[in-house]
Amino acid sequence: MFFIPSLIGLLLFMAPISYDGGLTIPVAVMAKVIPAVLGDTLIAIVTSIIAFMAVASVLCKIFKPAAILRNGFLNGLFNPSPLWLVVRLIVGSALLITFFQVVPKA
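Letter by letter, the sequence shown follows residues 51 to 156 of the working numbering.
Hints are not guaranteed to be accurate.
Here are the computed distance ranges between Cβ atoms for each label pair [said to hold, decoys possible]:
| # | residue 1 | residue 2 | range |
| --- | --- | --- | --- |
| 1 | 81 | 112 | 20 to 30 Å |
| 2 | 82 | 116 | 37 to 47 Å |
| 3 | 73 | 141 | 31 to 41 Å |
| 4 | 123 | 56 | 16 to 26 Å |
| 5 | 119 | 68 | 41 to 51 Å |
| 6 | 119 | 57 | 41 to 51 Å |
| 7 | 81 | 55 | 13 to 23 Å |
| 8 | 92 | 140 | 15 to 25 Å |
If you're looking for bench data, these hints aren't it; they were derived computationally from the structure.
None of the values given here were measured: they were computed from a predicted structure.
C-beta atoms are modelled at their ideal positions from N, C-alpha and C, and glycine is treated no differently.
With the hints as extra help, turn the sequences into a complete structure.
Put into structure tokens, the structure is as follows:
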């Protein structure tokens, strides 16, 4: 059961590959390629995902959808403990405020 994920992790973090004339690991290549490909939209994508998770977590706590509560993966993803719900809300709010620059000008 854990063989495939372990093998993927081993390959991503331990297997040396040749890139730009030197040896590196695949994760380092991905860390360079992803921002180059996505450019300025990367910030909007990450902000959207984090804000969505904060809103979805609140909605899951309020409405308690049976489909999410029955599924172990979705329940763990969308139904956090009260402490983590507060953390998600604070981080989501801070990111949205920063992204949209909703602060008073000095």
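At the C-beta level, are residue 119 and residue 57 separated by a distance inside 41 to 51 Å? Violated, since residue 119 and residue 57 (Cβ atoms, about 32 Å apart) do not stay within the stated range.
With respect to the beta-carbon atoms only, verify the hint that residue 81 and residue 112 lie 20 to 30 Å apart. violated, 37 Å
Does the Cβ-Cβ separation between residue 82 and residue 116 fall within 37 to 47 Å? Check passed, 43 Å falls within 37 to 47 Å.
Should the hint that residue 123 and residue 56 are 16 to 26 Å apart at their CB atoms be regarded as holding? holds, 19 Å
How does the Cβ-Cβ distance of residue 73 and residue 141 compare with 31 to 41 Å: does it lie in that range? holds, 36 Å
For the pair residue 119 and residue 68, does the Cβ-Cβ distance stay inside 41 to 51 Å? holds, 48 Å
Does the beta carbon distance between residue 92 and residue 140 stay inside 15 to 25 Å, or does it fall outside? holds, 22 Å
Evaluate the given range 13 to 23 Å for the C-beta pair formed by residue 81 and residue 55. holds, 20 Å
Checked against the numbered hints listed earlier, the structure breaks hints 1, 6; every other hint is satisfied.
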